[in-house]
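Asker: Chain order of the listed sequences is A and B. Terminal number for the first sequence in the numbering used here: 592, no gaps in between. Terminal number for the second sequence in the numbering used here: 454, no gaps in between.
Please keep in mind that the hints were generated in silico from the structure rather than gathered at the bench. All of these numbers come straight from a predicted model, not from anything done at the bench. Treat the hints with care, as some may be off.
[Stated by the list, open to error] Here are the computed lysine to any residue pairs in the SDA-like style, where the Cα-Cα straight-line distance is at most 20 Å:
no.: 1; chain 1: B; residue 1: Lys-284; chain 2: A; residue 2: Val-128
no.: 2; chain 1: A; residue 1: Lys-235; chain 2: A; residue 2: Thr-337
no.: 3; chain 1: A; residue 1: Lys-307; chain 2: B; residue 2: Asp-328
[What the hints assert, rightly or not] To spell it out: a stretch of chain A is covered by chain B in this simulated footprint if at least three of its residues, at any positions, have a beta carbon under 8 Å from a beta carbon of chain B; those stretches are:
no.: 4; region: 126 to 135
no.: 5; region: 311 to 318
Glycine included, each C-beta is placed from N, C-alpha and C at the ideal position.
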Amino acid sequence: MAKNKLKTGAQMVVDVLVDEGVDILWGLTGGAILPVFDALYQNSDRIRLIDTRHEQGAIHMAEGYAKSTGKVGVCVVTSGPGATNIVTGLTDAYMDSVPIVAITGQVPSHLIGTDAFQEADVVGITRSCTKHNFLVKNIQELPQIMRDAFFIARSGRPGPVLVDIPKDIAAASAEVAIPKHSSIPLSKFVPTPDLHQIEKMAELIKNAKKPLIYAGGGVINANASDALYKFARKTNIPVTLTLMGLGAYPAGDRQFIDMLGMHGSYRANLALTYCDLLIAIGSRFDDRVTGKLSEFSPHSKKIHIDVDPTSIGKNVKVDAHTLGDMNSILSTLTKMVGSQDYEPWYEELDAWHKKHPLAYQQDPNGKVLPQFAVDEIYRLTKGDAIITTEVGQHQMWAAQFYKFNKARRWITSGGLGTMGFGFPAAIGAAFGFPDATVIDIAGDGSFQMTMQELAVVKEHNLNVKVVVLNNKFLGMVKQWQDLFFDKRYASTSIPVQPDFVKLAECYGLKGYRADTPKDTTKVLEEAFKSKDPCIVEIVVDEEEHVYPMVPAGAANKDMVLSKEEDRARVMAAVKTKAKTHGKGGRK
Amino acid sequence: MRHTISVMVKNQAGVLSRVSNLFSARGYNIDSLVVGVTDNPEVSRITIVVKGDDRVIDQVEKQLNKLIDVIKVVDLTHDDFIARDLALIKVKAEPNTRSQVMEIVQCFDGKIVDVALKSFIIEVTGKESKINAMVELLGNYGILELVRTGEVAISRGKKVHEKEETKVKMKAGKAGQSNL
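The following block holds chain B by itself, in its conformation from the complex:
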């Protein structure tokens, strides 16, 4: 099963290497890994998407927790969470296809951020599946280049990385929920 794991780490040199090293040394497969600083400049948050059975995921969590620089590990998969991916796609846009490409971009709530004579660069954010669908469609017109960030994720409602963690589950379908 695919799990999205959020790891709060000390914002120090070498931490990313410790985390990625752990995955390679123990043979766990990372689908994606994104790192960035949080509202606290001393803390970074790593979002890891990893595939594995329950035993593997259990080990991933425990092994991460053992690292000295790791502050907290949360498997978001069990919670209600929002996950987003960003992609920049350079796609062919010939005179006869430009309007079709633009229509697709509109449908997916994307943005054209660069226009050249025979191509567009499109920016799009959303769930992995949405971006996959868009990439597949645009493939018909010829994708020249593609870059994706990998997934960043956050749980709804209460801050999960707080010290006194009480799991308040928000009901799905409330206002503000994206259906993408």
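Pulled out of the complex, with its shape left as it was, chain A reads as follows:
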């Protein structure tokens, strides 16, 4: 690429994009970004630009694409409001370690700092929600910055990088060679594994009677699912996954004991509490996993394998840890360990599972249970769909009842909990996998936040199905109100709703509706028969809660298992919570 020829800044941007392997990106145009869109238009044979209806849609599409394909997702928007509209997506990508390069237009250099039309201090605003950001000061440094942006976004723990380009620099021409490599060394992001620590891990594993693997999204980001599988199968250690890690280990495997954490299975949370060795792989001891920190996995020694130094020892002290490339760490460790049968430990796990499996009782003549709807989606797609979700109860039911056997088929907003994420993310995934069925399992509240992107689905005839589990409530917050606020439903009821069937039709899409279990099966079958996009509205029981539930601030073993449980016990379990947290939030 190192040809010296007079080129515009915008052309340089396109050239680096193409050289980085980008063949698709999402955006919404505007004044300050015009030169870049013009260059993209002129290069449409090399790179495909998808116009969205809102910038938040553009960045979530880039995220959905990045999470499903493992490539860097790119979005391009204008200055001011265009840029501020992607802040939610940047923060989401930062929390969930999604590799994103966001290109924003900026007012011309000489106007910066004058409160010009559509000017915002974008680098300042996004400093704490990006892995790094750049304001391009002159055209000479533009190609190197673009190159570095991709390198930073994908290296080590991935994350979003923003490049703010003033209009005059994008429009100017210069003779600048496009550098082949990033100016930053890889060692900044991927430390070298510590062999001594890995040996220590092998020793801890050898001596454990009740070990447990607790793996997370880091395994998926490192494309280390196979290495994890080999390690787990060789050692015969049971595996639980975080919300972000679902798919990193096959759900159908005998060693898999379901998700852990706030809405994890009874078996997984008790395993966490009573194990004597906890092996954290690509997970970060998030508060939704640890519950009350002082009572977190109190009997275990702890091992931590990750790529991000700040994840080590942030919340929980560990006995052995190493940083570095997960594939090589796991394969080294796998060579050092032997196998045990852990029979008493598996018996204990099985007993817990028998006592409280993840289950539901669907009355064939009653209201539709959301768990049943998810289960039907799973059954009818044979577990082969790419599933995205919004945020709330439906998200947790999807996590509990859709079983993932492969990585990168589960796309959800975990860290930030961004309502409105799932639908545009589904669109992004559908661009990445045109032959796959992509299903956004949505709630009525979340879907209404970004449903304007239905136009994009129609325009490109994507195989995206939105299944709205409609309970006419912001259900997760309602659940907290049921449990902790004496059923005072402040602002959680959504009495006025669009007719989702007509909504689909007005965009030229198909719409379905079901309010009985029988119809649910029928409409889902019909919707999944064709490759056409559609909305399926399923009216579900609004009184249903997500269980198990570890109330915020409670210990994992004190999870609440059903509505029928003694209310006094529920309140006792959350007593400590009231002092520290006080309020719920969306998730």
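Since chain A is already given, all that's left is putting chain B on it; use the hints.
Answerer: Same frame as chain A, now just chain B:
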């Protein structure tokens, strides 16, 4: 515990903001922060004094290291290092107290850099504790204004920010060591 952390950063716009932003976003408390360019004009050195337990300090170091513009982070607290603070103090100096104030300045190895009819401006450098002691004494005469730089620090002997870092610890009490 109080830690003095030295951070080598690229001398670029916005770097200071990234560093201070990190502290506020993560709720770490900065006692002082001083920044200035080094012998290499492309590199600046930030000296941060921060209080926290081992877990917090560990996170501070790791989080700083993650910033793209940060070249190197060294917690000087574990090494033998020299730390200095500079203060300019405007203190009342009435005819009946002038000589007492001057005596104090002399004791603390300070300098009177401005003389007015009823006040002095005093310049003093040294360890934080020394300056605190002087400020306390001068307080008896009436401090009109006070400005301090915050701590700058450097390790003894070998350059800690060198690539091949071998920690050569100098024995305390050698020539050149200040006892202030």
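Asker: Decide, hint by hint, whether the structure agrees.
Answerer: Here's how the hints hold up against the structure:
The straight-line distance between the Cα atoms of B/Lys-284 and A/Val-128 is roughly 17 Å, inside the 20 Å bound, and the hint therefore holds. Distance check on the hinted pair: A/Lys-235 and A/Thr-337 sit about 11 Å apart at the alpha-carbon level, within 20 Å; holds. Under the criterion of a C-alpha separation no larger than 20 Å, the hint pairing A/Lys-307 with B/Asp-328 is consistent with the structure, at around 19 Å. For the region 126 to 135 of chain A, the stated coverage by chain B is satisfied: 4 residues place a CB nearer than 8 Å to a CB of that chain, which reaches the threshold of 3.
Coverage of the region 311 to 318 of chain A by chain B holds. Counting CB-CB distances below 8 Å, 5 residues qualify, and the rule asks for three or more.
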